[in-house]
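Chain U is already provided as a structure; the job is to place chain F on it using the hints.
There are 2 protein chains.
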Amino acid sequence: MPLNHQILLDNRPVCEAVASNFTLVCHPTPALLSGQVLVQHHYLSLDPYMRGRMNETKSYSAPQPLGEVMLGGTVGVVVESRHPAFAAGDTVVGMGGWQEYSVVDATEPGALRQVDTTRIPMSDYLGAVGMPGVTAWYGLVKIIAPKAGDTLVVSAAAGAVGSAFGALAKARGCRVVGIAGGPDKCAYVVNDLGFDACIDYKQHADAASLSQALKAACPDGVDGYFENVGGMVLDAVMTRMNAFGRIAMCGMIAGYDGAPMVMSHPALILLSRLKVQGFIVSEHLEVWPEALRELGMLVVTGKLRPRESIVHGLAAAPEAFLGLLKGKNFGKQLVKLC
Amino acid sequence: MPLNHQILLDNRPVCEAVASNFTLVCHPTPALLSGQVLVQHHYLSLDPYMRGRMNETKSYSAPQPLGEVMLGGTVGVVVESRHPAFAAGDTVVGMGGWQEYSVVDATEPGALRQVDTTRIPMSDYLGAVGMPGVTAWYGLVKIIAPKAGDTLVVSAAAGAVGSAFGALAKARGCRVVGIAGGPDKCAYVVNDLGFDACIDYKQHADAASLSQALKAACPDGVDGYFENVGGMVLDAVMTRMNAFGRIAMCGMIAGYDGAPMVMSHPALILLSRLKVQGFIVSEHLEVWPEALRELGMLVVTGKLRPRESIVHGLAAAPEAFLGLLKGKNFGKQLVKLC
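Chains as they are written, first to last, in this note's numbering: chain U, 1 to 338; chain F, 1 to 338.
Calculated from the structure, these hints are not laboratory results. Treat the hints loosely; a few may be bogus.
Identical copies carry no separate label here, and so any pair may be met within one copy or between two of them.
[Said to hold, decoys possible] Here are the computed lysine-lysine pairs in the DSBU-like style, where the Cα-Cα straight-line distance is at most 35 angstroms:
| # | residue 1 | residue 2 |
| --- | --- | --- |
| 1 | K303 | K326 |
| 2 | K170 | K142 |
| 3 | K303 | K147 |
| 4 | K202 | K336 |
This is chain U alone, in the form it adopts within the complex (with noise of 0.2 angstroms):
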């Protein structure tokens, strides 16, 4: 049996999130039992919503335990199996954690999804054509419900979920404005992702200075915007919303750190009429297959090519995981782990 590195929660944050909030271990791999199979892992998601799972308190879904496995997004190889659907060398896409190698019960539906290599690369499957992808068609296509024309803001533009947003965007006839934070990710989500324009946030010290700037790039104003930052952008959108408009709620890294975080205008939602609408899509695999395969065509007539950042080596795990915190990754993040 392999020896299998692990990364485990040790502690909670106090605030925010710290590298001695976990701890490696090494353990060898269990033998398997009847429908199980062992997979190795090529490559670890690193995600926001890790971070809200290592709070104890309210979410969306149950904490992290402290003392075990990290959770996450994983693709890689099978090397065993003792269930009839795998055999040893399929790549497999599974939910197998903070680890070199998962043990998985291939008997529950949907632990473990088959997936081909042969036109979209291995680690793609973690982001564009996997959940990050799907976050973007889902709050795009079942919140916003764009028609073409519609100008469409979105924050983190040119992480895994915003690159998504904008080719889904543009392919459906819309004018896409990014928001990111520094010139050479501004200068990407324009020139590499087909964004119409971006704005760098970091260049504004308020969210009445960011809201002119949105202005200026939004002149018709803003009939969706999909959020995963929170705090000062979240407000000054908000401020540009056309009537009707909708606002996907997708993510909030601005408070996961428990700083104070709140929402400057609320009376705007009845002023401008919006919809805001908070989800996640793990909760509506129904549309999986549906946005996969529209997904799965932009990668592979290259509408859709993100960026990924790529540390090597379990270890490496936590720090990038703090950096994606704090917007240090520069694409995707990925762990490569073999």
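Just chain F now, kept in the frame of chain U:
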């Protein structure tokens, strides 16, 4: 031509609205042109939305112009008609404004609506079977969309919208909990309006305390909330919303005077996957016939018999309106004009 007393908006509030924002004038009513109708108002409706229009800032409707008659809903009797669809003696509902008479261009669709007062008192057409009733109906049916057994909460429960909301919610098999100010209003909400419970927000110094009271009154959490006030009450109810809860945002009295009114925990929209939607009932004329039919039946069958708070004479309107904004009224606020 009869003399017509009118109240104009003389100047805009600096922060709180005051009586000196208004001025009372008197002019003879003009001679009718073809297609016009002269209506003598019996009742003028006073409603919170009027406060928003007194500001010059962005709102859902154009600001009330200075030097013009304050806009407002009225019910009255036709005195003279030069339109074939209306005859002297007809009872009509319209937007006659803060004045004793109005000259209405009856060729404009929807400008005047003839109503039947044999089974429904005239004044109810400004309340339970009028704009406030339809407001409750729209938020309940189109945004909250409850199923039997859901727990619903409404703020300003003793008011015109709240009382209609309660009757409509009970008719759908929901548990309905009101929030109102003071023991008298709370007793009325439970004993006369038939709510399952009512919480006196004045007994609670902060959102945390109000949230505890809500927990006791809503042991299964809150599935739908009809928001009439904003501020601390909204903050408290949000902490009790169940997953996939719906919040219909109709009013924000707490913020009309320009006092800072934030939403303290917008992350709950994501964590609880809430839908928060603002609406203005005048933009959904397509639902009025269906809504008025149901509301009329509730009144005729005695299931909705809300209180009215009536002042006499046009000159009393400003003080009654300012009192309404502070919650001093008890039931639908009306001005009896003749």
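Original post:
From the Cα coordinates, with 35 angstroms as the cut-off, is the pair K202 and K336 best called within, between, both, or neither?
Top reply: Only inside one copy: K202 and K336 sit 30 angstroms apart there, 57 angstroms across copies, limit 35 angstroms.
Subject >> Intra- versus inter-copy proximity for K142 and K170 (alpha-carbon distance at most 35 angstroms) >> reply: both (16 angstroms within a copy, 31 angstroms between copies)
Original post:
For the identical chains here, do K303 and K147 meet the 35 angstroms Cα criterion within one copy, between copies, both, or neither?
Top reply: within (20 angstroms within a copy, 43 angstroms between copies)
**OP:** Please work out whether the CA atoms of K303 and K326 approach to 35 angstroms or closer within one copy, between two copies, in both situations, or in neither?
**Re:** within (28 angstroms within a copy, 56 angstroms between copies)
Figure legend: structure checked against the earlier numbered hints; every hint is met.
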